[in-house]
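For reference, the chains in residue letters:
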Amino acid sequence: MAVMTYREALNQALSEEMERDPDVFLMGEEVAEYDGAYKVSKGLLEKFGDQRVVDSPISELGFAGLGVGAAMAGLRPVIEFMTFNFAFLAIDQVINSAAKMYYMSAGQFPMPIVFRGPTGAALQLSAQHSQACETYYSHAPGCKVVTPGTPADAKGLLKAAIRDNDPVAFMEGELLYNMKGEVPDDDDFIIPLGVADLKREGGDVSIITHGKMIHVALQAAQKLEKDGIEADVLDLRTIRPLDMDAILETVKKTNRVVYLEEGWPYAGTGAQITAMIQEEAFDHLDAPILRVTQADVPMPYAKGLEAIAKPSADRVVKACNRVLYR
Amino acid sequence: MAVMTYREALNQALSEEMERDPDVFLMGEEVAEYDGAYKVSKGLLEKFGDQRVVDSPISELGFAGLGVGAAMAGLRPVIEFMTFNFAFLAIDQVINSAAKMYYMSAGQFPMPIVFRGPTGAALQLSAQHSQACETYYSHAPGCKVVTPGTPADAKGLLKAAIRDNDPVAFMEGELLYNMKGEVPDDDDFIIPLGVADLKREGGDVSIITHGKMIHVALQAAQKLEKDGIEADVLDLRTIRPLDMDAILETVKKTNRVVYLEEGWPYAGTGAQITAMIQEEAFDHLDAPILRVTQADVPMPYAKGLEAIAKPSADRVVKACNRVLYR
Amino acid sequence: MAETKTRKKKSSGAKNGGALEKHGIGEELALDLLRDMLLYRRFEEKAEEAYAIGKIGGFCHLHIGQEAGAAGCIRPLREDDYVITAYREHTQAIAKGVDANAVMAELYGRVDGPSRGKGGSMHIYGADVRFMGGHGIVGGQVPLAAGIAWKIKYKEEDGVVVCFMGDAAVNQGGFHEALNMAAIWKLPAIFVVENNHYGMGTAFSRVSATPVAERAISYGIESCSVNGQDVLETYAAFRDMAEEVRNGGGPRFVDLQTYRFRGHSMSDPVSGTYRSTDEVEERKKKDDPISILRDTLFDAGLLDQAGLEEMDAEARRIASEAADFADASAHPDPEELFHHVWAEENHGRLFFDGRDR
Amino acid sequence: MAETKTRKKKSSGAKNGGALEKHGIGEELALDLLRDMLLYRRFEEKAEEAYAIGKIGGFCHLHIGQEAGAAGCIRPLREDDYVITAYREHTQAIAKGVDANAVMAELYGRVDGPSRGKGGSMHIYGADVRFMGGHGIVGGQVPLAAGIAWKIKYKEEDGVVVCFMGDAAVNQGGFHEALNMAAIWKLPAIFVVENNHYGMGTAFSRVSATPVAERAISYGIESCSVNGQDVLETYAAFRDMAEEVRNGGGPRFVDLQTYRFRGHSMSDPVSGTYRSTDEVEERKKKDDPISILRDTLFDAGLLDQAGLEEMDAEARRIASEAADFADASAHPDPEELFHHVWAEENHGRLFFDGRDR
Ligand SMILES: Cc1ncc(C[n+]2csc(CCOP(=O)(O)OP(=O)(O)O)c2C)c(N)n1
Ligand SMILES: Cc1ncc(C[n+]2csc(CCOP(=O)(O)OP(=O)(O)O)c2C)c(N)n1
Ligand SMILES: [Mg+2]
Ligand SMILES: [Mg+2]
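Chains as they are written, first to last, in our numbering: chain A, 1 to 326; chain B, 327 to 652; chain C, 653 to 1009; chain D, 1010 to 1366.
Simulated from the structure, these hints should not be mistaken for laboratory data.
All values derive from a computational prediction rather than experimental measurement.
Wrong hints could be hidden among the right ones.
When the alpha-carbon atoms are kept at most 25 Å apart in a straight line, the in silico SDA-like pairs for lysine to any residue are as follows [to be verified]:
#1 A:Lys303 <-> D:Phe1347
#2 A:Lys39 <-> D:Phe1347
#3 A:Lys303 <-> D:Glu1318
#4 A:Lys47 <-> A:Asn178
#5 A:Lys47 <-> C:Lys805
#6 B:Lys365 <-> C:Lys805
#7 A:Lys318 <-> D:Val1279
#8 A:Lys310 <-> D:Asp1249
#9 B:Lys579 <-> A:Asp283
Partner residues aside, some chain D positions facing chain C, computed with beta carbon under 10 Å [stated by the list, open to error]:
#10 Gly1183
#11 His1185
#12 Lys1195
#13 Ser1217
#14 Arg1224
#15 Asn1256
#16 Lys1294
#17 Asp1296
#18 Gly1316
#19 Met1320
#20 Ala1322
Here's a subset of chain D near chain C, in silico, CB distances under 8 Å, partners left out [what the hints assert, rightly or not]:
#21 Glu1186
#22 Ala1192
#23 Ile1193
#24 Ala1212
#25 Val1216
#26 Ala1218
#27 Thr1219
#28 Glu1223
#29 Ile1226
#30 Tyr1228
#31 Ser1232
#32 Ser1234
#33 Asn1236
#34 His1348
For every residue, glycine included, the Cβ atom is placed at its ideal position computed from N, Cα and C.
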């Protein structure tokens, strides 16, 4: 096991998959000469040349569509959005072309394309640069959504996403790029899509989450531990496909659930998971499922306001106490 | 009370509000000379001239943004999307500009703009022309979402939406345009946003829905009646703002809920309503809340497949029987 | 198609006789182009009938009047070249090699259609013959074409992609983003605007301050205008352009001047406030690509009435055979609803609609 | 700013003396333009300091080197004209009349900022002075500008809107859609590309086959290139253009040639693989808009070193006063988090985050 940053893990995944398959190429703004706005593609231009690591114009709709066309013709594009906040400009090509093409052609055109970049908030980037965008992609059948929270997950899942034959929205986190963690050395280290990971074993309450919120969940679990409460912390890792078995397992164990997510509540991921749990494990619930989310407002710039807008370990603890009726 | 079509009701609402306020104008593809792709704007060009009823190029992002800019400068634009399926191209301006501007400017720029057009499926229009788009708009704070299901609601709600000072995604239905119903004659007939309507009084089970699905819900209620089951049918009418009081009232009365929606399940409106009900009326639920939605697939063209992809009264009846444990 | 005028025949004899030579088009090829267009015409007339009796539903956009934009643009291409287009694509699918029976079956929503009835009129695909669809979002196919051209360049192939769009599509931002990328990366793509002068009910002159042909200047892409009602001129232009692009000439932009003889779709009126009946009748008389080629061949003595009728009978035969084939094809089974959503199953759940309900 | 070279002064005396006349700019105005630019420079240098010590966070894009694009473009406008721009807008906000103290307070995230600290560096607005922001999505402000121009036309006013964008923004589809609409409806808008030749680390020449100035040809919009480092030329160009647009001349497109002296944002390097340190130093020496005007005024005998130092002291005073003001301004109260999401409450629930948790 090597210790590396989330950024390096993504970089390795890209590099290894590009080595492995000449049809894989990376395109996006600043990915080549600038090594990526967040340096995720550092060194790849040198290694693979400017036909496989390509700086695009600021034309999100255009280069996302270019990727879809290239995938139709047999390549395996990795399209980087500098952040998913800018992908609103491209979402027509993701939903109307990428996610629907395989169906509209009755299987004639698989769509092995990855759209990747950070989602959610970093620090004080204000409303137009801080949105968590999962819902816009998970809602549509035909599009897979992957949200790694650790370096190992980032590497294993990106490699799986690149090898997958469906379009994948691969959502990273600006605040995760510098995070360090252990990553298996194996060149073929793959984490299959759709397998959740129980990141902490408890038994009193289930904190279910995805993406960078896994770290907030673990902090909350530590605080709860001090009060003698042991929390299961389940990291979904991919929200479509969804590891429902793992969800039901922890629910049936603890009978109490808090869903934690970075984004807004209305029709968010937590709403979906909550609706499914109450449907499929109704008799196992000893309390309503609570959701901890971003405050239901556009993200403000001011440091203090941003801090309270984001989900916090304390709010998770409070929610856990509520479902435990403490 | 006059009897008129949903189309005529919308046309009246537009005409009356344009009469009332010279700052209201209508822009979109084919809205002027062609009277609208679905004839909703019939006669308005003649009545108000080509500065107030404006044919746009096929530039969804551009004319949606033009509307937002005009609203910033003090006008009250009504922007027609021929259907919301095409608004994926414009959603950046709706979410990143319209929905966030008032907040980013701390109240300097109210955003009195209506984006309107049909959402969801008509008949055999296939995957790129049949998507129900509510989730893409309801998810974001700053954007109101209105989904009238009858002519009276269409008129009263459109007038309210035009007078509202926040951006409103006003979602109609192609299959509703020809539907007839009674509409109050009053020029100032307004249905305030955020008021649900109990369209049928029952007591055994609650069918909650919005938009054109209200008619499927009422059919289902009739079928259930034959089996001696009386269903409440609650039409939310607006999904943001949301009439939670009305929802909780019917839930506490029947203790059994089915949410019916036209769109896809994952992170749909039903997921949100379900999550809220189980949180706020947990002890009142005698059964899990079930959702009846479009099949979780892109909409197929073939008549037979499309028919089974859409939510049906029979599937609603089945779901009601399940929550009634019959 | 319009009746021939004897006078015209005489007077234009010489000029027309020279048309084939002028464009370097042989007799057999010229006759084939006529066969192509007759088939497209009869095929879509059949589709019209079928639509009228409810065998075909939804939107159905006919190419009638614009057939040279299928025959003339696509016949000069190689099998390994790609074609991508919008929703007015029945004839172009056939031109690229999708079986006419299959196309009709798709319109009928049957399992023998290329998309097994799931795509319908707007979404015809032929992966095997490199016909890349069939797209319903105006302008949506243009960035896809850039991606297909990207693949050709990436794989160092010598193919080209021809991307069709309507005149209204040039007002889509994606069109501009795609043309800019094609220009900076010198992609082997030919962007063709089938300029029938209207987007639904909107005359192009009302939504553009400049003619279509000028819309690529900003990118430094070489442009030309082609008479899309003259299939010989169209064929020659695309034959030559394809060669140049194939040899590294970079992208091209074509203003293909044409005219739509029918309404925007089956549910739209042929004429109305946006264009007069006279205008339409005038164009049908003067500018029918089939009549124009027919007259040329008559005048050049390469075809006579009998030969024409024979050809036409054959076209009608294929068209009605297609309709019979489609009608005999099965409706997709209910479980097909859930096929082809995902190319790859993974661990975990991919569908969320609770099948049991 | 770069040191003056005596030789230069002598040799260019005559020419520079004539610069004011040539552009029809009076002495006081010329001095005001220098005052403006000095203020912008010192103001943003202050912001740099504040950023370095963590008083300002997030993205902070400086205009240093491009100040003529604020002073020269906006000073000629009327109060009732509109300005809208992207995220590199501190100086342009001040130029349009937003109080410098308030702008700095916004950068600090305090309640005395125009957005009460909720907007930050990228989202400065001044509704009262018709400064329309402050937008973070590249190209996003361009359609908005068309809408503002639409309102001017709709209300039959004689104002204009000046819309700034960077060179990279011309590759956004929305830019094209907006310019096309401006052209067909003859909207009173001036679209200005602040062409500093790079979008972050990407040279424009790598993402466009044609120069910026050609990007409006397709719409038939009159274009011109202006030396954006020469504030006198810039001022004169905008003064004249605004008059023409005001009088119904329709939209204009300007390639304002300039150069960014700092990194893309505070978190980006000034130079790197995408541009050499030499290039940057060279441009700073040769092309500082402040030095250029200073030399002109020196040579014309309208300003001496003492006068300059006085001016500069005043600029520094205002800048540090702004920093002090910002620092003294309160942080927004927690409950402000939920203000200004909705302009209008309705019946029913608008917030869904369960405040009690
Ligand atoms: C983005 C988008 N907006 C609107 C529509 C509805 N629509 C379908 S075809 C059409 C007109 C297109 O005209 P043109 O591009 O000239 O092609 P033509 O139909 O003339 O072949 C419109 C507005 C659409 N399908 N997609
Ligand atoms: C749609 C979108 N894509 C990407 C970004 C990230 N980004 C911010 S500024 C920028 C470069 C813009 O360069 P240019 O338009 O030349 O303006 P300049 O910064 O040079 O003033 C990029 C890529 C963004 N904010 N919006
Ligand atoms: Mg057309
Ligand atoms: Mg730039």
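Now for the hints, and whether the structure bears them out:
| no. | hint | verdict |
| --- | --- | --- |
| 1 | A:Lys303 <-> D:Phe1347 | 15 Å, holds |
| 2 | A:Lys39 <-> D:Phe1347 | 35 Å, violated |
| 3 | A:Lys303 <-> D:Glu1318 | 37 Å, violated |
| 4 | A:Lys47 <-> A:Asn178 | 23 Å, holds |
| 5 | A:Lys47 <-> C:Lys805 | 20 Å, holds |
| 6 | B:Lys365 <-> C:Lys805 | 46 Å, violated |
| 7 | A:Lys318 <-> D:Val1279 | 46 Å, violated |
| 8 | A:Lys310 <-> D:Asp1249 | 49 Å, violated |
| 9 | B:Lys579 <-> A:Asp283 | 21 Å, holds |
| 10 | Gly1183 | 5 Å, holds |
| 11 | His1185 | 4 Å, holds |
| 12 | Lys1195 | 9 Å, holds |
| 13 | Ser1217 | 6 Å, holds |
| 14 | Arg1224 | 5 Å, holds |
| 15 | Asn1256 | 19 Å, violated |
| 16 | Lys1294 | 32 Å, violated |
| 17 | Asp1296 | 27 Å, violated |
| 18 | Gly1316 | 46 Å, violated |
| 19 | Met1320 | 42 Å, violated |
| 20 | Ala1322 | 47 Å, violated |
| 21 | Glu1186 | 5 Å, holds |
| 22 | Ala1192 | 4 Å, holds |
| 23 | Ile1193 | 5 Å, holds |
| 24 | Ala1212 | 12 Å, violated |
| 25 | Val1216 | 6 Å, holds |
| 26 | Ala1218 | 4 Å, holds |
| 27 | Thr1219 | 5 Å, holds |
| 28 | Glu1223 | 6 Å, holds |
| 29 | Ile1226 | 5 Å, holds |
| 30 | Tyr1228 | 6 Å, holds |
| 31 | Ser1232 | 10 Å, violated |
| 32 | Ser1234 | 15 Å, violated |
| 33 | Asn1236 | 22 Å, violated |
| 34 | His1348 | 34 Å, violated |
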